[in-house]
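Novice: Sequence:
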Amino acid sequence: MILSHDFPPTAPPISGAAVSRTRKSPLRTFLARLAALVGLVVLGALCPGTAQAAQQPAAQAVGLHISNGRLVESNGNDFVMRGVNHAHTWYPNELGSLADIKAQGANTVRVVLADGHRWTANTAADVTNVVAQCKANRLICVLEVHDTTGYGEDSAAGTLDQAADYWIGLKDVLAGQENYIIINIGNEPWGNTDPAGWTAPTIAAIKKLRNAGFEHTIMVDAPNWGQDWQQVMRTNAQSVYAADTTGNLVFSIHMYSVFDTAAEITDYLNAFVSAKLPLVIGEFGGPADQWGDPDEDTMMAAAEQLHIGYLAWSWSGNTDPILDLVLDFDPARMTSWGQRIFNGANGIAQTAKEATVFGGGSSDTQAPTAPGTPTASAVTATSARLTWTASTDNVGVAGYDVVRVSGGTETEVAAATTNSVTVTGLTAGTAYSFAVYARDAAGNRSARSATVGVTTANTPAGSCSVGYRVVGDWQGGFQGEIVIRNTGTAAVTGWKLGFTFADGQSVTNMWGGTAAQSAGAVTVTPASYTNTIAAGGSVTLGFIGSKGSTNTAPAAFTLNGAACVNG
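Be aware that the sequence shown starts at 1, since it is given in our numbering, and climbs by one per residue.
The reader is advised that the hints may include incorrect statements.
Said to hold, decoys possible - Derived DEER-like restraints, expressed as beta-carbon distance ranges:
1) T193 - T365: 49 to 59 Å
2) S420 - P321: 25 to 35 Å
3) N75 - T417: 21 to 31 Å
4) R385 - L327: 41 to 51 Å
5) A491 - Q290: 50 to 60 Å
What the hints assert, rightly or not - Derived lysine-lysine pairs resembling PhoX-like cross-links, with alpha carbons at most 20 Å apart:
6) K135 - K102
7) K171 - K207
8) K102 - K276
9) K353 - K135
10) K208 - K171
11) K171 - K135
Honestly, the hints are just simulated from the structure, not real lab data. For each residue, glycine too, the CB sits at the ideal point set by N, CA and C.
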């Protein structure tokens, strides 16, 4: 099905013209309006997540590469992209913008190129100059072919195979630049028509480049115009990653109006991080439009917490200047969107670190000492306070990463700038093991601390009540409301609600929380704004569901595993 979108014109714009950007409407709104007319589909958080942790690479590429699920430089230092997109192929005379982008603190630029299928191909000489200008301005350069945008839905789009052939034709230009560039095979290489078709061509293009001898880190964009709202990339990420014999592959999600709630954003990003599958936000927008209001604050905050790269769209030249970071390529005319990206909370000026290949941070190669063994306090059913002896460093400790340890697997659960943090989102009556790493401003990471065991408290039965009602009903579907009341004497944070449908109903879209379902059993975790239920307080969830001829209400509810009173 086609959601609202637009894309760059079919011919290069004349001087002064602008290039529009792909935009999509939030699927939640689409479903709410059409639920009475069409079958509902399971989206977002309900689609299968990445099933298992990524396997370690069989061989490391030179230069930028993937290690333990993260993008690192040849010296092993983490490299977290903080930058913007630049529409070079439509504005070839604006390459001087790279200096302006660097002046705002960016460490990366994603450069739009064309392979000749839809727009005039960028020549080998032009791409050579682009790479040279990126290096001269101390920017890591992500090169992407834009002609693939919306394939399968947009008849003008080219294929990933054609894009791979373009890169192979540039091999002499790109070889030896592995420290400085990443090859993004094709921009948003599938529309909303049969997005499951994305997987096989993506694997084939990766293999084609590897068989041609490319050692660079390769980036692949998601289908659904980059937004993966049908979870095809998320579901198939492990098999796609495994197809790269070097393991030097990074996935790119584009976040626009589909990602308008904190729960949708954090759920998607955490799924990849937990599975140790490399991910960046290759494009994102923030300003509201007729399709919705992307939650850029959560995108940027979560990216910083999880050490995921982000690249904002775009420096300048959009048909609708709402997404221009600066107007008319003039850095003195920075827009409010630009101010947000460069100078706002978790913005580029605050968080970007120059790649060490350019000398950034190269004078500091000493890692901090390992933190002390954490101790736990204030343990509740859903949270625990951890405190540890601070690390020391020859320059200074920048922060700490708290990980949950399970056998040989680590999952980052919190970040802190001081030597204590409250870990939330835990399950009642469950044993956990936590440890801490320290890091400095140059990206050096300490050895891991010893672990501490924590067992969360059980939520007492009867300290909650749940009200359930149907607020709208139509053939094959309905809208429901759930009110969770905390009847206890202490706040409940990071809760998990459980119930079971008896008549084959299923949740297809939810707000106020994120639902996961197995057969009739439903588990709901909170959105950021419903995460805490104060003592005596309540939170309200809404959802769209599918049903058959009967629609019996769930008979019982649990909160963090403890039974709740109905009503």
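Novice: Each of the hints needs a verdict: does it hold here or not?
Specialist: We went through each hint and held it up to the structure:
1. T193 - T365: 49 to 59 Å: holds (50 Å)
2. S420 - P321: 25 to 35 Å: violated (45 Å)
3. N75 - T417: 21 to 31 Å: holds (25 Å)
4. R385 - L327: 41 to 51 Å: Roughly 47 Å apart at Cβ, these two residues keep to the hinted range, so it holds.
5. A491 - Q290: 50 to 60 Å: Violated, at about 38 Å.
6. K135 - K102: Holds. K135 to K102 sits at ~11 Å (cutoff 20 Å).
7. K171 - K207: Roughly 15 Å separates the two Cα atoms, so the pair holds.
8. K102 - K276: At roughly 30 Å apart (the allowed maximum being 20 Å), K276 and K102 break the hint.
9. K353 - K135: holds (15 Å)
10. K208 - K171: holds (12 Å)
11. K171 - K135: holds (18 Å)
When held up to the earlier numbered hints, the structure conflicts with 2, 5, 8 and fits the remainder.
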